[in-house]
Amino acid sequence: MGLLENRFDDNIVVEKLDKLLSWARSTSPWFFQFGTACCAIEMMAAAASRHDLMRIGIIPRSSPRQADVMIVAGTVTMKMALRVKKLYEQMADPKYVVAMGSCATSGGPYWQHGYHVLKGVDLVIPVDVYVPGCPPRPEALIEGLLKLQEQILEGRPLTRKTG
Amino acid sequence: MSEDIQLLIDDVVAKALAGDMDPINNIEDRVTRSKAKAALVKAKRFQPQIEVDSKSVQAAEKSDTESKQTIEQIVIASLSKNFSDFLDGEQNNDWVQIKAENWFDIAKYLKTNEDLYFDSLQCNTGVDLEQGMLESRYNLHSMKHLHAIEIRIKVSIEKPDIPSVESLWRVADWFERETYDMFGINFTGHRDLRRILLPEDWDGWPLRKNYEEQETYHGIVVPKVKEGWE
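Protein chains in written order, with the working numbering: chain A, 1 to 163; chain B, 1 to 230.
Since the hints were derived computationally from the structure, they do not count as laboratory data.
What you were told as hints is all true, and nothing was included just to trick you.
In silico DMTMM-like pairs for lysine to aspartate or glutamate, Cα to Cα no more than 25 Å straight-line:
#1 B:Lys44 with B:Glu28
#2 A:Lys85 with B:Glu200
#3 A:Lys79 with B:Glu200
#4 A:Lys16 with A:Asp93
#5 A:Lys86 with B:Glu200
#6 A:Lys79 with B:Glu178
#7 A:Lys85 with B:Glu213
#8 A:Lys86 with B:Glu213
#9 A:Lys79 with B:Asp201
#10 A:Lys86 with B:Asp203
#11 A:Lys79 with B:Asp203
#12 A:Lys79 with B:Glu215
#13 A:Lys86 with B:Asp201
All values reported here derive from a predicted model rather than from experimental measurement.
Please build the complete structure, drawing on both the sequences and the hints.
So, in structure tokens, the structure goes:
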């Protein structure tokens with residue numbers, strides 16, 4: 001920053017463009033509105049008036065093309081896994097995934113005998129934040145989303161390699 | 001309403017029920033008289049109901065003692081007149097075990113016969129009996145006669161063919177598809193026998209005892225770390 005330092009008036013802040021973009025992105029991670037099982041109820045509760053995800057800039061979107069974050073809320077069966085993958089692929093970069101609940105993180109109660117259950121959504125798509133709980137309370141989900149916002153803030157979108 | 005008037009009304013209603021209407025008609029106060037008449041109507045409505053109730057209870061008891069035959073015995077007797085060699089093994093009083101061959105005709109008979117009239121198929125499930133046998137169970141119920149019966153059909157696991165009753169009871173469509181999905185019982189004559197819950201390219205029949213989970217599904221690895229879990 002040596003070139004630009006002390007060359008402007010006092011009311012001008014010099015920063016990296018990366019940081020501006022990350023800041024803008026971290027305060028508006030719109031999530032893809034879909035639920036696969038009971039965790040979706042808690043996700044709805046988190047988005048509803050009492051917990052109000054909108055106050056931290058998180059809005060549900062009904063199309064993968066308009067969403068930045070995919071909250072995988074609930075059990076993912078093998079049949080659904082292919083569709084979850086397809087939906088993830090339809091989202092525009094940069095995209096993030098929150099695995100909500102023990103089913104999405106590891107298969108949960110279906111770990112041993114659920115022949116039809118995907119043992120963790122990270123077998124199919126990359127996961128950024130895991131939220132434990134069965135199901136997690138809305139506070140836990142909000143905690144996870146705040147962690148995700150921190151991650152996005154640290155990210156460098158202009159230099160980040162995608163793909 | 002004061003207590004005196006209530007007592008008076010009780011008194012005249014009791015007399016009227018005994019057949020003497022004069023005390024009611026002789027009440028001078030119009031309001032009291034109409035109240036007494038209303039009470040009389042109420043009392044009359046209540047009385048015959050009790051009689052009908054006791055009559056129907058008696059009738060039910062009577063029919064119970066008269067017909068000691070269970071519905072299973074009635075069905076077997078009725079079927080024996082029209083079909084030969086349809087029973088499979090020993091029978092008991094809780095279900096009817098029949099052979100698979102004539103099942104469609106038997107089902108049609110059970111549904112259309114006036115005395116049996118099983119117009120509702122309530123459930124169809126499968127069971128893996130092991131020793132190479134599968135079983136399909138049908139719970140039938142008659143909306144008309146309010147009786148119910150369970151039909152069981154055994155088939156070998158090598159050739160699990162059972163005639164479909166999907167064209168008789170429309171609900172059997174999805175029931176049979178589920179049984180097919182889970183046990184691989186082949187319902188011959190079903191118009192649309194596909195898996196209903198699992199993906200169409202799934203391997204194996206999950207509720208059979210000898211089912212083994214596939215190792216990968218469309219490239220997705222199924223981890224099999226089971227130590228320390230039971």
